[in-house]
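Take the sequences, apply the hints, and build the full model.
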Amino acid sequence: MTLDTETAQRQVLDAADALFYERGVQAVGMDAIRSASGVSLKRLYQLFPSKDRLIEAYLDRRDQLWKSMLAEHVDAATDPRERILAVFEFLHTWFLQRDYRGCAFINSFGELGTVSPRVAELAMQHKEGFRQALGELAAAAGAPDPDRLADHLILLSEGAITRSAISGTADPATRAREAAVLLLDASLPA
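Position in the sequence shown counted from 1, then plus 112, gives you our numbering.
Honestly, the hints are just simulated from the structure, not real lab data.
Misleading hints may appear alongside valid ones.
[Stated by the list, open to error] DSS-like, lysine-lysine: derived pairs with alpha carbons at most 30 Å apart: (1) K239 with K179; (2) K179 with K163; (3) K163 with K239.
This is the structure:
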């Protein structure tokens, strides 16, 4: 039975997502993706003519997932200050996921950033999108310099992401939230 394009693409991306995130993009070959997805190698290359294209699709998908999960947490809060702190609550929830291996963009950039300008670009776009989202939250909370506050908040967030991946604990999100509270107290109007 031949899978429709949408189903085959989803199965390939599901397999790529799981394998790339768990093992790294360089360690996983197209044969492993074929085996895990159940999609023939010929069909796999019809859908994604190169591994580079598959990596790009994987990162695009991760970006959409990240934005969706972040928005879900932030949108649950109504107070502008609490919306900022919800970012750190989201991080804590994410870090508790059984398969948490850090940020797919940082991981991919670490593996391919110097040899793949496209991976480097996608990582930069993802991180800049996160910084912009933090800037919007800071502006909504009345920060006199929302861009500067966003720069501070992203350093806390990214530090927590990396520290959690290395330590294997969600505690860095809690510590980053505590630091964010101090930062907001110092940065936002009373």
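Now the hints, each set against the structure:
no.	hint	in the structure
1	K239 with K179	11 Å, holds
2	K179 with K163	24 Å, holds
3	K163 with K239	23 Å, holds
Violation of the numbered hints given earlier is absent; every hint is satisfied by the structure.
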